[in-house]
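Respectively, the protein sequence lines represent chains A, B, C and D. Here full-length UniProt numbering is used: the first residue of the first sequence is 1, the next is one more, and so on. Here full-length UniProt numbering is used: the first residue of the second sequence is 1, the next is one more, and so on. Here full-length UniProt numbering is used: the first residue of the third sequence is 1, the next is one more, and so on. Here full-length UniProt numbering is used: the first residue of the fourth sequence is 1, the next is one more, and so on.
In case anyone wonders, no lab produced these hints; they're calculated from the structure. Among the clues, some could well be false.
What the hints assert, rightly or not - Here are the simulated SDA-like cross-link-like pairs (lysine to any residue), alpha carbons at most 20 Å apart as the crow flies:
no.: 1; chain 1: C; residue 1: 77; chain 2: D; residue 2: 226
no.: 2; chain 1: C; residue 1: 177; chain 2: A; residue 2: 24
no.: 3; chain 1: A; residue 1: 84; chain 2: A; residue 2: 149
no.: 4; chain 1: D; residue 1: 216; chain 2: C; residue 2: 71
Claimed, not checked - Below, a sample of chain D positions facing chain B; criterion: calculated Cβ distance under 8 Å:
no.: 5; residue: 23
no.: 6; residue: 104
no.: 7; residue: 129
no.: 8; residue: 133
no.: 9; residue: 170
Unchecked claim - Derived list of chain B stretches under chain A, where covered just means 3 residues or more per stretch with a C-beta under 8 Å from a C-beta of chain A:
no.: 10; stretch: 21-31
no.: 11; stretch: 59-68
no.: 12; stretch: 85-91
no.: 13; stretch: 100-108
no.: 14; stretch: 204-212
C-beta atoms are modelled at their ideal positions from N, C-alpha and C, and glycine is treated no differently.
There are 4 protein chains.
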Amino acid sequence: MYEKLKESCYRANMQLPRLGLVVYTFGNVSEVDREMGVFAIKPSGIPYEELRVEDIVIVDFNNNIVEGKMRPSSDTKTHAFLYKHWKNIGGICHTHSTYAVSWAQAIKDIPIFGTTHADHLTTDIPCASPMVDSLIEGDYEHNTGQQIIDCFLEKNIDPSAIEMVLVGSHGPFTWGKDASKAVYNSRVLEEIAKMAFLTLQINPQAPRLKEALIRKHYDRKHGANAYYGQGC
Amino acid sequence: MYEKLKESCYRANMQLPRLGLVVYTFGNVSEVDREMGVFAIKPSGIPYEELRVEDIVIVDFNNNIVEGKMRPSSDTKTHAFLYKHWKNIGGICHTHSTYAVSWAQAIKDIPIFGTTHADHLTTDIPCASPMVDSLIEGDYEHNTGQQIIDCFLEKNIDPSAIEMVLVGSHGPFTWGKDASKAVYNSRVLEEIAKMAFLTLQINPQAPRLKEALIRKHYDRKHGANAYYGQGC
Amino acid sequence: MYEKLKESCYRANMQLPRLGLVVYTFGNVSEVDREMGVFAIKPSGIPYEELRVEDIVIVDFNNNIVEGKMRPSSDTKTHAFLYKHWKNIGGICHTHSTYAVSWAQAIKDIPIFGTTHADHLTTDIPCASPMVDSLIEGDYEHNTGQQIIDCFLEKNIDPSAIEMVLVGSHGPFTWGKDASKAVYNSRVLEEIAKMAFLTLQINPQAPRLKEALIRKHYDRKHGANAYYGQGC
Amino acid sequence: MYEKLKESCYRANMQLPRLGLVVYTFGNVSEVDREMGVFAIKPSGIPYEELRVEDIVIVDFNNNIVEGKMRPSSDTKTHAFLYKHWKNIGGICHTHSTYAVSWAQAIKDIPIFGTTHADHLTTDIPCASPMVDSLIEGDYEHNTGQQIIDCFLEKNIDPSAIEMVLVGSHGPFTWGKDASKAVYNSRVLEEIAKMAFLTLQINPQAPRLKEALIRKHYDRKHGANAYYGQGC
Numbered sequence: 001m002y003e004k005l006k007e008s009c010y011r012a013n014m015q016l017p018r019l020g021l022v023v024y025t026f027g028n029v030s031e032v033d034r035e036m037g038v039f040a041i042k043p044s045g046i047p048y049e050e051l052r053v054e055d056i057v058i059v060d061f062n063n064n065i066v067e068g069k070m071r072p073s074s075d076t077k078t079h080a081f082l083y084k085h086w087k088n089i090g091g092i093c094h095t096h097s098t099y100a101v102s103w104a105q106a107i108k109d110i111p112i113f114g115t116t117h118a119d120h121l122t123t124d125i126p127c128a129s130p131m132v133d134s135l136i137e138g139d140y141e142h143n144t145g146q147q148i149i150d151c152f153l154e155k156n157i158d159p160s161a162i163e164m165v166l167v168g169s170h171g172p173f174t175w176g177k178d179a180s181k182a183v184y185n186s187r188v189l190e191e192i193a194k195m196a197f198l199t200l201q202i203n204p205q206a207p208r209l210k211e212a213l214i215r216k217h218y219d220r221k222h223g224a225n226a227y228y229g230q231g232c
Numbered sequence: 001m002y003e004k005l006k007e008s009c010y011r012a013n014m015q016l017p018r019l020g021l022v023v024y025t026f027g028n029v030s031e032v033d034r035e036m037g038v039f040a041i042k043p044s045g046i047p048y049e050e051l052r053v054e055d056i057v058i059v060d061f062n063n064n065i066v067e068g069k070m071r072p073s074s075d076t077k078t079h080a081f082l083y084k085h086w087k088n089i090g091g092i093c094h095t096h097s098t099y100a101v102s103w104a105q106a107i108k109d110i111p112i113f114g115t116t117h118a119d120h121l122t123t124d125i126p127c128a129s130p131m132v133d134s135l136i137e138g139d140y141e142h143n144t145g146q147q148i149i150d151c152f153l154e155k156n157i158d159p160s161a162i163e164m165v166l167v168g169s170h171g172p173f174t175w176g177k178d179a180s181k182a183v184y185n186s187r188v189l190e191e192i193a194k195m196a197f198l199t200l201q202i203n204p205q206a207p208r209l210k211e212a213l214i215r216k217h218y219d220r221k222h223g224a225n226a227y228y229g230q231g232c
Numbered sequence: 001m002y003e004k005l006k007e008s009c010y011r012a013n014m015q016l017p018r019l020g021l022v023v024y025t026f027g028n029v030s031e032v033d034r035e036m037g038v039f040a041i042k043p044s045g046i047p048y049e050e051l052r053v054e055d056i057v058i059v060d061f062n063n064n065i066v067e068g069k070m071r072p073s074s075d076t077k078t079h080a081f082l083y084k085h086w087k088n089i090g091g092i093c094h095t096h097s098t099y100a101v102s103w104a105q106a107i108k109d110i111p112i113f114g115t116t117h118a119d120h121l122t123t124d125i126p127c128a129s130p131m132v133d134s135l136i137e138g139d140y141e142h143n144t145g146q147q148i149i150d151c152f153l154e155k156n157i158d159p160s161a162i163e164m165v166l167v168g169s170h171g172p173f174t175w176g177k178d179a180s181k182a183v184y185n186s187r188v189l190e191e192i193a194k195m196a197f198l199t200l201q202i203n204p205q206a207p208r209l210k211e212a213l214i215r216k217h218y219d220r221k222h223g224a225n226a227y228y229g230q231g232c
Numbered sequence: 001m002y003e004k005l006k007e008s009c010y011r012a013n014m015q016l017p018r019l020g021l022v023v024y025t026f027g028n029v030s031e032v033d034r035e036m037g038v039f040a041i042k043p044s045g046i047p048y049e050e051l052r053v054e055d056i057v058i059v060d061f062n063n064n065i066v067e068g069k070m071r072p073s074s075d076t077k078t079h080a081f082l083y084k085h086w087k088n089i090g091g092i093c094h095t096h097s098t099y100a101v102s103w104a105q106a107i108k109d110i111p112i113f114g115t116t117h118a119d120h121l122t123t124d125i126p127c128a129s130p131m132v133d134s135l136i137e138g139d140y141e142h143n144t145g146q147q148i149i150d151c152f153l154e155k156n157i158d159p160s161a162i163e164m165v166l167v168g169s170h171g172p173f174t175w176g177k178d179a180s181k182a183v184y185n186s187r188v189l190e191e192i193a194k195m196a197f198l199t200l201q202i203n204p205q206a207p208r209l210k211e212a213l214i215r216k217h218y219d220r221k222h223g224a225n226a227y228y229g230q231g232c
C-alpha cells in the first residue's frame with residue numbers, strides 16, 4: 001500500500017551522504033501522500049549504510065505511526081506540522097550540512113549576492129530566531145514547525161516560492177514538490193551558503209544582487225515564460 | 001555530419017562534474033565549427049549523468065537550431081555572440097564554480113599574486129560590472145555576450161591572451177581553441193580564485209606579482225621561445 | 001585470547017583514513033578489556049594501508065607489552081594513563097584532524113554555538129593549556145594523560161559526559177564506551193570544530209547556544225527520557 | 001641501466017594526483033642516483049594520467065639529457081642545482097598545492113604553531129624572497145636553485161633538517177632521502193600550511209609553539225633516542 005511512497009522516501013534519504021550533506025545520522029527526509037493523509041520518513045538514528053526501504057516509517061499528520069516497526073525520526077513532529085499547515089509541499093529535508101549550519105549558528109539571513117541564488121529564490125534565505133525557553137521546554141519538535149511558519153508569516157514570504165529556511169542555532173530545513181526536490185534544495189542551499197560566506201570574506205561590502213537580475217534569473221527558470229530546461 | 005563536433009562537445013561537458021566545477025546542471029560547454037558556421041552546445045537543464053552525445057544541440061551564430069531535438073542551454077545567445085565577435089576562439093565554458101562565483105559576487109577582479117596565475121595570463125582576471133537594468137530586461141543572454149566584449153574593450157585586453165572573465169554578480173566564462181581548452185581554463189580559474197582568496201586572508205597586503213615574473217612565466221609557456229611542454 | 005579485542009581495535013583504526021581524519025600515520029586508536037586489564041593499540045608509524053590485525057599490540061596499564069611483535073604507538077602511555085584513571089571509558093582515539101588541531105593550536109576552547117554540538121555535549125570543548133617545560137622534558141606521554149585529567153578536574157567536567165578534549169598546541173583526544181565510539185567522537189569533533197570556525201567568520205558576535213536548547217538537545221539523545229534512536 | 005631509478009621517480013610522481021597536490025601538470029618529482037651522477041625527472045607538460053615509466057627523462061647535474069625522448073620538466077635546472085650543492089638529498093618535489101602556494105603568494109614564513117609541524121621540523125617554514133629582476137631575466141630556473149640555497153644560508157638553516165621551502169610568489173619545493181620522501185614532505189607541508197592558516201583565522205595572536213615542545217616532538221621522531229616508528 002505504501003510501497004511507492006517508502007521507496008521514494010528511501011531514495012531521497014540515500015542521496016544525502018552521496019551529496020556530502022550528512023555525517024553519520026545527522027539528517028532526515030520525508031515525503032507526503034496527500035490523498036492517503038500520511039507521510040514516509042526515515043527512522044531515528046539509523047546509519048545510511050544500514051537503511052533499507054522496509055525501515056521507512058509511515059506517519060499521519062497527528063504523529064501516529066501508521067506502518068513500520070521502527071521509531072520515526074526525532075524531528076517527525078516538525079515534518080507533520082509543516083505538512084499540515086503548508087498544503088502545497090510534498091517533501092521535506094533536514095540536514096546539518098556544514099555551511100548552512102554555520103549561517104544558522106551565526107543567526108544571520110543569507111544575503112542574496114548572485115544569480116546562483118536568484119536561480120532558486122528571490123529573497124535572502126531567512127534565519128528564524130531561536131525559540132523562547134517555554135517553547136523549547138514544551139513540545140519542542142512541534143514548536144520548531146511553528147517557529148518556521150511564524151518566520152514566514154512575519155517576513156511575509158511564501159513557502160511555495162522560498163523553499164528553504166535556517167532554524168537559528170540549529171540548521172536548515174528545505175522542502176519542495178517531493179522528497180527529491182527537497183534534497184535538491186538542501187544541496188543548493190549548502191552551495192549558496194558557502195558562496196555567500198566566501199563573498200563576504202573577499203568583500204565585506206559586497207552589494208546585494210540588483211532587483212532586475214533577481215527578477216530575470218528567477219523568471220527565466222520559474223516565471224510564466226520560463227525558458228530554462230526542456231519545458232516538461 | 002556534426003558527429004565529431006557533438007562528440008567533442010559532449011566529452012568537454014562531461015569533464016565538468018569530474019573536475020568538481022558543477023553541481024546539478026549549473027554549467028554548459030560549447031564548441032564551434034568555423035567552416036560550417038555552427039556550434040554544438042549542451043541542452044538546457046539536463047543532468048550530466050543523463051546527458052548523451054545525441055542530446056547535444058547544433059546552433060548557428062544567429063541562434064537558430066540547426067540540429068537536435070532538445071532546447072539548447074539558456075545561455076546559448078551568450079555563446080553565439082562571443083563566437084560571432086571573437087573569431088579566434090573555438091570553445092566556451094560557463095560554470096558556477098564556487099570560488100570564481102564568489103569573486104564575481106564580490107565584484108572584484110582577481111589580482112595576479114603568483115606564478116600559477118602568470119603561467120596562464122598576464123593580467124588580473126577581469127570582473128565585468130553588472131549590466132544596467134534596461135539591458136537585463138532586454139535580450140539578456142545576448143547582452144551578456146556584449147557585456148563581456150565591452151569589458152575587454154574598456155580594459156584594452158585581448159581575448160586570445162586572456163581566456164577568462166568573471167561576469168559580476170553571476171560567474172565565470174572561459175574559452176580557448178576548443179571546448180576542452182575552455183574547460184581547462186575553468187578549472188585553472190577556480191584554482192587561481194581559491195589561491196587568491198587564501199593569499200589575501202593570510203596577508204591583506206600581499207603584493208602584486210612583479211612584472212619580470214609575470215613576463216618570465218607567461219613567456220616560458222606561451223612566448224615565441226616557449227620551452228614548457230613537448231613543443232607540439 | 002586477544003583476537004576479538006585486536007580485531008575491534010583494528011577496525012576502529014581503519015575508520016580514520018576513510019573518515020578523512022588522518023594523513024599518513026598521524027593518528028592512533030585503542031580499545032580496552034577491563035577484565036583482562038589490557039588494551040589493544042595501533043603499532044607506531046605503520047601506514048594504514050599496510051596495517052593488519054596481527055600488528056595490533058596488547059599493552060597493560062603499566063605500559064608493558066603483553067602481546068605483539070611491534071612497538072606500540074608513541075602515545076601509548078597517554079592511553080594507559082587515561083584508562084587507569086577513568087574507569088568508565090572503553091576506547092580512545094587520537095588524530096591530527098585539520099580543524100580540531102587548528103583550534104588546539106589557537107589554544108581556544110570551542111564555544112558551543114549550535115544543536116550539532118549540544119547533541120553530543122553540553123559544554124564548550126575544553127582546550128588543555130600546554131604543559132610546563134619540566135613535564136615536557138620528563139615522561140611526556142604519561143604527563144599528557146595527566147594534563148588531560150587535570151584539565152577535567154580544573155573545569156569540573158565529567159569525562160563520561162564530555163568525551164573529547166583538545167591538547168593545546170597539539171591536537172584532539174576523544175574517547176567513548178569502545179574504540180568505535182571514540183572514533184565517532186573524533187569525526188563529530190572535527191565537524192563541530194569546522195562549523196564553529198565558520199560561525200565566527202560569519203559573525204564574530206555569534207551568541208553561545210542558549211541553555212534551554214543545550215539541555216533539550218542533549219537530553220533528547222542522552223537523558224533519562226531520551227527519544228532519539230531506536231532505544232537499544 | 002636506469003630502470004630502477006625511472007620506476008622510482010615514476011611512482012613518486014604518480015602519488016601527486018592521488019594526494020590532491022596537483023591539478024593537470026602543475027608539479028614534478030625527481031630522484032637522484034649519486035653514483036651514476038644523474039637524476040630522473042618527469043617530462044614537461046605531460047598529464048599524469050598519460051605518464052609512463054619510459055617517459056621519465058635522465059639528466060646529469062649540468063642539465064644534459066642522458067636518456068629519454070622527451071623534454072624534461074621546465075624546472076629541471078632548479079633540481080640539478082639543488083642536487084649539485086646539497087649532497088645529502090636524494091629526491092625533490094615541486095607542486096602548486098593550494099595552501100602552500102597561498103603562503104608563498106603572501107610572502108610569509110609559515111609559523112610553527114603545533115606538534116604536527118614540530119614532528120617534521122623545528123623552525124618556521126622559510127619563504128624565500130622573490131628574485132631580483134636581473135636574475136629572473138637571466139637563467140631563471142638555475143637561479144631559482146640559487147635563491148633557495150641563499151635563503152638557507154641567510155637563515156642559517158640546514159637542508160638535512162628543514163626539508164621544505166616556499167619560493168615567494170611561486171610555490172613549494174620539498175626534498176628528502178628519495179623521491180617518495182620528498183612527496184611525503186609536500187603532503188605534510190600542505191597540511192601544515194592549511195592548519196597554520198586556520199589557526200591564525202581563529203586566533204590572530206596564536207602563540208608560537210614553545211621551545212620545549214618543538215624539541216620533544218622533533219627528537220622523539222628524529223633524535224638520537226627516537227622512539228617513534230619501528231626503528232628500522
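Taking the hints in turn, this is what the structure says about them:
no.: 1; hint: C/77 to D/226; verdict: holds (16 Å)
no.: 2; hint: C/177 to A/24; verdict: holds (18 Å)
no.: 3; hint: A/84 to A/149; verdict: holds (11 Å)
no.: 4; hint: D/216 to C/71; verdict: holds (19 Å)
no.: 5; hint: 23; verdict: holds (6 Å)
no.: 6; hint: 104; verdict: holds (7 Å)
no.: 7; hint: 129; verdict: violated (11 Å)
no.: 8; hint: 133; verdict: holds (4 Å)
no.: 9; hint: 170; verdict: holds (5 Å)
no.: 10; hint: 21-31; verdict: holds (count 3)
no.: 11; hint: 59-68; verdict: violated (count 0)
no.: 12; hint: 85-91; verdict: violated (count 0)
no.: 13; hint: 100-108; verdict: holds (count 8)
no.: 14; hint: 204-212; verdict: violated (count 0)
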